[in-house]
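Colleague: Please model the entire structure based on the sequences and the hints provided.
Residue numbers (my numbering), protein chains in the order written: chain A, 11 to 297; chain B, 11 to 297; chain C, 11 to 297; chain D, 11 to 297; chain E, 11 to 297; chain F, 11 to 297.
Any given hint might turn out to be false.
[What the hints assert, rightly or not] Keeping only pairs whose Cα atoms sit at most 25 Å apart, straight-line, the calculated SDA-like set for lysine to any residue is:
id, chain 1, residue 1, chain 2, residue 2
1, D, K90, E, G81
2, F, K229, E, W21
3, B, K90, C, F97
4, B, K94, C, G110
5, C, K94, B, M87
6, F, K229, E, S86
7, B, K90, C, G81
8, D, K94, E, G20
9, E, K229, F, W21
10, C, K90, B, G252
11, C, K90, B, L88
12, B, K90, C, D170
13, C, K90, B, D105
14, C, K94, B, L91
[Claimed, not checked] Ranges between beta-carbon positions, derived for each pair:
id, chain 1, residue 1, chain 2, residue 2, range
15, E, D165, F, R36, 54 to 64 Å
16, A, G211, C, G178, 42 to 52 Å
17, F, G267, A, G211, 38 to 48 Å
Hints listed in this document are in silico derivations from the structure and should not be mistaken for laboratory results. Cβ coordinates follow ideal geometry from the N, Cα and C atoms, glycine included.
Chain by chain, the residues run as shown.
Protein chains: 6
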Amino acid sequence: MHKRRKNETGWTSAQTLSEALPFIQRYTGSTIVIKFGGNAMGDEVLTQKFAHDVVLLKQFGLRPVIVHGGGPQIGSMLEKLDIKSEFVDGLRVSDMETVGIAEMVLSGAINKSIVQAINQAGGRAVGLSGKDANLITANAKDAKLGFTGTPIATDISVIDVLTAADPGFIPVISPISGGAAGESFNVNADTAAGVLAGALGASRLMLLTDIEGVMDKDKNLLTNLSVEDALGLIKDGTAKGGMIPKLTTATDAVKSGVEAVVILDGRRAHGLLVELFTDQGAGTLIR
Amino acid sequence: MHKRRKNETGWTSAQTLSEALPFIQRYTGSTIVIKFGGNAMGDEVLTQKFAHDVVLLKQFGLRPVIVHGGGPQIGSMLEKLDIKSEFVDGLRVSDMETVGIAEMVLSGAINKSIVQAINQAGGRAVGLSGKDANLITANAKDAKLGFTGTPIATDISVIDVLTAADPGFIPVISPISGGAAGESFNVNADTAAGVLAGALGASRLMLLTDIEGVMDKDKNLLTNLSVEDALGLIKDGTAKGGMIPKLTTATDAVKSGVEAVVILDGRRAHGLLVELFTDQGAGTLIR
Amino acid sequence: MHKRRKNETGWTSAQTLSEALPFIQRYTGSTIVIKFGGNAMGDEVLTQKFAHDVVLLKQFGLRPVIVHGGGPQIGSMLEKLDIKSEFVDGLRVSDMETVGIAEMVLSGAINKSIVQAINQAGGRAVGLSGKDANLITANAKDAKLGFTGTPIATDISVIDVLTAADPGFIPVISPISGGAAGESFNVNADTAAGVLAGALGASRLMLLTDIEGVMDKDKNLLTNLSVEDALGLIKDGTAKGGMIPKLTTATDAVKSGVEAVVILDGRRAHGLLVELFTDQGAGTLIR
Amino acid sequence: MHKRRKNETGWTSAQTLSEALPFIQRYTGSTIVIKFGGNAMGDEVLTQKFAHDVVLLKQFGLRPVIVHGGGPQIGSMLEKLDIKSEFVDGLRVSDMETVGIAEMVLSGAINKSIVQAINQAGGRAVGLSGKDANLITANAKDAKLGFTGTPIATDISVIDVLTAADPGFIPVISPISGGAAGESFNVNADTAAGVLAGALGASRLMLLTDIEGVMDKDKNLLTNLSVEDALGLIKDGTAKGGMIPKLTTATDAVKSGVEAVVILDGRRAHGLLVELFTDQGAGTLIR
Amino acid sequence: MHKRRKNETGWTSAQTLSEALPFIQRYTGSTIVIKFGGNAMGDEVLTQKFAHDVVLLKQFGLRPVIVHGGGPQIGSMLEKLDIKSEFVDGLRVSDMETVGIAEMVLSGAINKSIVQAINQAGGRAVGLSGKDANLITANAKDAKLGFTGTPIATDISVIDVLTAADPGFIPVISPISGGAAGESFNVNADTAAGVLAGALGASRLMLLTDIEGVMDKDKNLLTNLSVEDALGLIKDGTAKGGMIPKLTTATDAVKSGVEAVVILDGRRAHGLLVELFTDQGAGTLIR
Amino acid sequence: MHKRRKNETGWTSAQTLSEALPFIQRYTGSTIVIKFGGNAMGDEVLTQKFAHDVVLLKQFGLRPVIVHGGGPQIGSMLEKLDIKSEFVDGLRVSDMETVGIAEMVLSGAINKSIVQAINQAGGRAVGLSGKDANLITANAKDAKLGFTGTPIATDISVIDVLTAADPGFIPVISPISGGAAGESFNVNADTAAGVLAGALGASRLMLLTDIEGVMDKDKNLLTNLSVEDALGLIKDGTAKGGMIPKLTTATDAVKSGVEAVVILDGRRAHGLLVELFTDQGAGTLIR
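Modeller: Encoded structure:
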């Protein structure tokens with residue numbers, strides 16, 4: 011016959027949950043492709059919170075599909091092994107040894123650590139790479155860059171089977187993909203996320219990055235962009251460096267049928283939830 | 011190219027949603043039978059919030075089943091029609107005219123207003139009574155009380171069909187039930203909720219009332235009771251009046267396989283969410 | 011070791027059953043929407059026979075869907091409550107109180123009594139109203155007539171789920187429907203039956219009335235009408251009074267895809283069976 | 011705008027259909043194994059009526075399974091081919107040539123003519139023999155009788171697949187069965203019907219014969235027998251000749267789980283319907 | 011603790027199995043209609059090997075459907091019964107007695123012997139004729155030829171149900187078919203196989219014959235023919251006698267959607283396997 | 011109009027395929043767990059042939075599940091990275107860095123190369139590790155050996171979902187598994203294969219090794235062992251070194267319900283096929 015101290019915390023939380031309903035309803039049954047990468051991926055606490063949020067999305071009736079990168083970790087391993095990369099026009103050449111190391115790091119180490127974090131949070135994650143069940147078939151992007159790949163075909167049947175199971179699994183995907191002749195190709199994770207989002211008819215492609223979103227010339231966050239806006243930012247030089255391929259991935263994804271793309275900050279916990287389930291939103295939405 | 015003012019409301023909400031995950035996971039796929047009644051039912055704003063919370067439960071993967079009463083509304087209609095009730099041992103006798111009015115009010119007016127509130131909140135509610143698809147078969151509780159009924163059989167197949175549909179429906183049940191000879195019986199809503207919770211193998215039976223929960227002799231809320239505790243409170247006179255049949259319903263439900271029963275205050279919005287999805291809890295849990 | 015007296019009754023019955031086969035085969039799997047109303051609804055024996063015939067249709071492999079009215083019972087309850095109705099152009103104005111009484115009588119009393127009669131006959135009926143699962147959404151037919159409604163949308167998913175179950179349920183529908191803002195609308199039962207028959211792709215819409223069928227100027231029964239014939243009868247004044255909206259409902263239903271509409275006498279038992287399963291037919295068929 | 015002469019035939023028929031409902035409900039979903047044989051099988055009109063009644067059973071929601079014999083037709087073919095049978099203890103010896111002729115007549119000619127009659131009546135019949143999908147495996151009943159077989163195993167999976175299809179097929183079965191070494195065995199049709207009825211958990215095994223049913227010593231029809239009664243009739247010599255194996259088949263079937271066996275007259279049309287769907291009954295019921 | 015003598019037989023076999031993989035993959039899930047007939051059908055050892063190969067096809071994931079003829083066996087039975095056939099323009103007239111004998115021989119004797127051979131080899135065969143479930147409806151090919159039939163409609167639903175079961179059944183089909191008025195028609199087995207292959211969307215129609223395949227004027231085997239080639243061989247007189255209707259069946263089948271037709275020698279065991287699963291091929295392929 | 015040279019190769023192959031039927035039938039629908047490892051794994055041609063054989067098993071209706079090791083490749087990577095392992099009692103201690111490298115090599119490099127080889131052979135392989143969907147949960151085998159793990163629980167639901175899809179996927183499993191606290195454990199591949207075979211109710215666990223099988227004291231191959239025989243060989247010292255844990259895995263697997271375990275030579279192509287589909291067998295069978 012326990013008694014309870016009165017307090018109001020629970021009631022405030024309940025109010026918040028209640029307010030999330032219309033947002034959750036909007037995404038029921040929708041596929042949300044999330045590119046996880048950047049500094050968040052190297053931070054254990056952020057990774058755990060990310061995994062927790064992904065499980066929440068699944069619990070709320072959405073279908074999250076995770077794609078991850080891992081550039082810094084690959085670089086670090088190449089360094090440990092004392093493998094020097096060649097560069098052509100400022101871009102790293104992926105020779106066979108390099109892509110082999112990239113595969114070990116991405117499909118082996120990083121992929122399974124994300125899987126494990128999601129499972130620790132109560133989800134049921136399954137790690138895949140572009141090679142599994144021919145998820146992504148690639149070929150060389152540019153002969154000079156070696157085994158740097160560009161997707162030429164997707165077969166999403168394994169994702170369909172896994173997410174349609176009851177209760178469903180959460181696919182976690184490394185972008186290393188196979189070529190027609192059995193080669194391995196290192197595909198950019200944003201690009202891989204983009205083509206999968208298109209093939210899956212995703213409602214959202216969410217690109218987690220290391221900045222708050224797309225900025226204008228005065229470093230103010232732009233919250234809503236049309237495809238034309240985004241292309242304009244590239245053209246007029248406002249978008250620079252790594253933001254250019256992100257904007258290209260975003261506009262390509264929208265053109266291939268993804269409802270909207272969000273570029274948001276992965277360094278702050280729960281950005282996914284703020285974007286999807288509150289009217290505040292987070293980062294930059296391109297549609 | 012909209013820009014956004016910075017504020018933190020969304021981030022706080024996201025944090026709250028995130029914290030609810032382990033609670034939601036605990037109830038995934040569980041049937042939650044909720045008796046809606048008392049003053050809340052007469053209050054339009056509280057009814058809307060209740061409906062909203064029920065839809066949230068459904069969205070979170072639970073299977074809510076609503077049972078409602080409506081004593082005051084029946085009394086008010088009997089008064090308008092100038093029908094005087096006979097009383098035996100202080101209990102109202104339900105003659106055929108009275109049970110007919112009760113059916114109109116419960117199965118017609120109240121049932122459909124709850125259905126409509128849930129549908130307005132984005133759910134898909136279906137109103138039923140004990141008569142539909144032989145959900146509850148009753149007979150006379152006591153010959154002297156006329157058509158006041160006690161359940162003698164349940165057939166939950168229509169609830170199974172409705173909740174198993176994809177996306178599922180939310181059953182809203184009036185306790186007026188049929189007898190073997192085609193009579194109508196007025197079954198107490200708590201009792202109806204209790205037998206349905208047992209037949210459905212519910213995880214929780216939640217009885218919304220007009221007090222905070224079960225109180226000890228000093229008017230302090232008791233938060234956790236065993237079946238023995240509950241029966242002791244009846245025996246030693248601590249539980250009085252309307253609380254006695256509620257405790258009896260609760261202990262019967264636990265004995266018939268319901269995991270736990272919660273008696274909580276329906277006059278305050280979001281009590282269901284506080285009880286199910288926060289570690290604060292609300293009201294009195296009997297198991 | 012019982013012995014049996016010889017007689018021929020059983021053999022004659024068997025011959026009759028045998029002759030019904032080609033008629034039954036014609037309707038296997040077809041949806042038959044039946045508007046039950048008029049004097050039959052107030053007669054307990056006729057209601058029981060009607061319920062019995064509906065169960066027979068189900069047993070023979072048809073999908074009966076019942077829609078009922080209840081004008082006289084509403085009038086009688088309004089009278090008991092001493093509620094006076096306003097009239098505009100000879101039509102009753104449904105104010106909020108009136109539509110509330112109509113809902114209690116239709117969705118509460120009458121609906122459940124039909125459900126119970128069908129269940130007594132061995133069927134499994136489920137009572138619904140236009141509000142349940144948003145079956146019919148209505149708005150005001152004419153601002154001057156208050157909450158008298160006209161259907162603007164249907165969502166037949168709950169009927170599909172209930173009739174597709176194995177063994178299937180028999181839906182019994184009260185025409186009181188919800189509005190977009192949560193209002194209640196009193197929709198004419200013939201009209202409701204007509205729009206549902208269209209949405210369900212029914213083979214037959216059967217309107218049970220208090221006369222034998224459509225009559226010509228000499229009071230002879232017309233057994234077969236084309237849509238043009240029916241519209242002609244309205245135009246040339248042969249059809250009068252309550253027959254005009256019935257013919258309009260019938261022609262609208264045929265235009266929306268119902269194979270044929272039958273207007274027949276509900277005051278004589280087994281008219282449904284005569285129409286569907288014998289070559290005699292009953293009432294007036296419009297196609 | 012056709013008009014109709016008034017008459018009452020349709021209304022009488024409707025009354026009869028209506029009265030059949032409780033009988034039909036009793037057998038919904040039940041398997042009814044019917045042994046078709048004797049003089050009825052040689053009469054084209056009776057065969058057509060039989061086929062018609064079988065389709066009616068299917069339409070009413072029962073699962074008819076037909077087993078047929080064909081002794082006279084085999085005899086006639088053996089005669090045409092001038093094949094003389096050997097006899098041992100008064101029983102015909104089935105040598106390989108004889109069983110081959112029996113198979114042609116039963117599985118070829120008679121089986122397909124019944125299939126065709128049912129299809130002409132609007133059913134979907136599929137002819138099978140004991141050999142198909144190993145429906146019945148047999149071995150020699152008595153070494154001296156050659157290829158006269160007795161069932162030793164059944165595999166009803168093909169019947170389950172065919173009757174569970176939607177709409178379902180009606181299996182028509184010739185009793186010629188295969189042996190473990192690839193031989194053909196001539197199994198008695200009553201016996202085959204009995205073992206299949208047991209394996210299918212049939213509600214009724216109906217044996218159509220050339221007499222009215224089981225008679226007592228004074229030639230009065232016995233309408234109800236217990237298994238003990240039936241065995242007593244054999245023991246005390248009341249049952250004679252061909253009735254003895256029929257009663258043995260019946261009592262064996264009841265022991266293996268068939269609810270009841272009916273021995274009835276196949277020479278009069280619609281006996282199946284009289285027995286199943288009227289309270290008069292036909293023939294002798296053993297349970 | 012058995013020990014084993016070393017030898018290499020198993021390893022050679024494994025190598026062969028391994029090499030068959032790409033061929034098997036090509037036909038996974040494909041329907042293969044096989045006309046079994048000619049001398050092979052009269053040879054018990056060849057029939058067993060044929061049955062064995064059919065089961066292997068099923069095991070490899072193909073869907074074999076067998077159609078058989080039986081001309082010589084019919085002739086022999088007609089002779090035994092001393093039935094003389096009339097001839098018109100050199101073609102046998104099928105009177106009612108003759109088609110009755112043909113049905114007994116084909117649907118009774120031959121059909122069930124093939125069924126049994128397949129079952130002995132571990133398959134689950136079900137024998138059907140054109141009459142079962144209205145598989146083939148025929149009418150008279152030429153009034154002068156009596157009940158010699160030509161297919162006018164097919165209903166392949168029973169084949170779909172049987173082959174879709176898990177594990178699936180192997181249909182074995184006698185070409186005797188029903189007419190609209192309940193007659194029996196003797197349909198040529200090649201023709202029946204052709205129309206079924208078209209209706210089933212078969213990948214291969216394989217016609218087993220008594221010669222090696224289609225020959226050129228110098229008696230050399232032609233291994234690949236286009237439809238034009240095949241029609242040319244008829245036109246220029248290279249194809250003679252029984253080869254003409256075979257080529258016509260083949261070209262009709264290709265036109266109705268069958269991917270390819272193979273005319274091959276049924277007198278040599280395992281021709282089906284050579285054709286389907288080796289790069290050698292057997293007989294003549296027409297596409 | 012191609013012509014073909016006569017030769018007999020195809021006919022010999024067909025004969026071999028035909029003879030494999032009874033062996034294939036025996037394993038239809040059975041799960042075959044195959045541990046791939048040793049020298050074969052380092053040999054590209056052998057890996058391709060292995061992949062090809064696995065696809066053949068799938069095509070023949072078996073359910074292959076692959077588990078792989080990779081000791082030499084891990085050692086080679088540790089060497090490249092200049093990581094020195096500690097040894098306790100002659101066993102390598104897996105510290106956190108070592109198990110991290112092991113995961114990269116096993117779950118990243120080797121797993122995906124086998125997946126790719128199977129896909130190149132026309133299969134649809136999906137690479138998993140013990141971590142995915144909590145396939146294997148492990149804890150420390152011995153505190154002194156660090157993150158060397160022993161399985162304590164399995165959850166085979168992801169394998170069931172993948173192999174039950176139509177057409178099914180082939181799971182390829184790396185033995186690196188997760189611990190309850192989120193650690194990584196290096197589980198021995200034979201052990202992992204053994205517990206999965208038990209959990210899956212496998213018909214065969216096939217351990218590919220670098221010797222011909224289990225030898226007696228005179229170096230003769232033992233082809234059949236009982237569990238007692240196998241334990242005896244350990245006890246009497248006949249089994250030495252790496253063979254001891256293999257025999258322990260085998261006897262444990264048989265005790266947990268695996269029908270039989272085969273230890274066979276992975277260095278020779280097609281051993282799987284010889285063992286499963288010929289009567290010669292390969293290696294040592296323990297049951």
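Colleague: Next pair to validate is C/K94 with B/M87; report whether the Cα-Cα distance is within 25 Å.
Modeller: Holds: C/K94 and B/M87 sit about 17 Å apart, inside 25 Å.
Colleague: Please work out if B/K90 and C/D170 have their alpha carbons no farther apart than 25 Å.
Modeller: 40 Å, violated
Colleague: Holds or violated: 38 to 48 Å for the Cβ distance of F/G267 and A/G211?
Modeller: 43 Å, holds
Colleague: Given the proposed pairing of C/K94 with B/L91, does the C-alpha separation stay at or below 25 Å?
Modeller: 15 Å, holds
Colleague: Against the 25 Å threshold, does the CA-CA distance of B/K94 and C/G110 hold or violate the hint?
Modeller: Distance ~23 Å between B/K94 and C/G110 Cα, so the pair holds.
Colleague: Would you check the hint for E/K229 and F/W21, treating anything up to 25 Å between C-alpha atoms as holding?
Modeller: 22 Å, holds
Colleague: Okay, A/G211 versus C/G178 on CB: inside 42 to 52 Å?
Modeller: Hint violated: Cβ distance 34 Å, outside 42 to 52 Å.
Colleague: Look at the Cβ atoms of E/D165 and F/R36 and judge whether their distance stays inside 54 to 64 Å.
Modeller: This hint is violated: roughly 37 Å between Cβ atoms.
Colleague: Check whether the Cα positions of C/K90 and B/L88 lie no farther apart than 25 Å.
Modeller: 11 Å, holds
Colleague: Check whether the Cα positions of B/K90 and C/F97 lie no farther apart than 25 Å.
Modeller: Holds. B/K90 to C/F97 sits at ~24 Å (cutoff 25 Å).
Colleague: What's the verdict on F/K229 and E/S86, does the C-alpha distance respect the 25 Å limit or exceed it?
Modeller: 65 Å, violated
Colleague: For D/K90 and E/G81, compute the direct alpha-carbon distance and say whether it is at most 25 Å.
Modeller: Within the cut-off at roughly 21 Å; holds.
Hints 6, 8, 10, 12, 15, 16, counting from the list given before, are not met by this structure.
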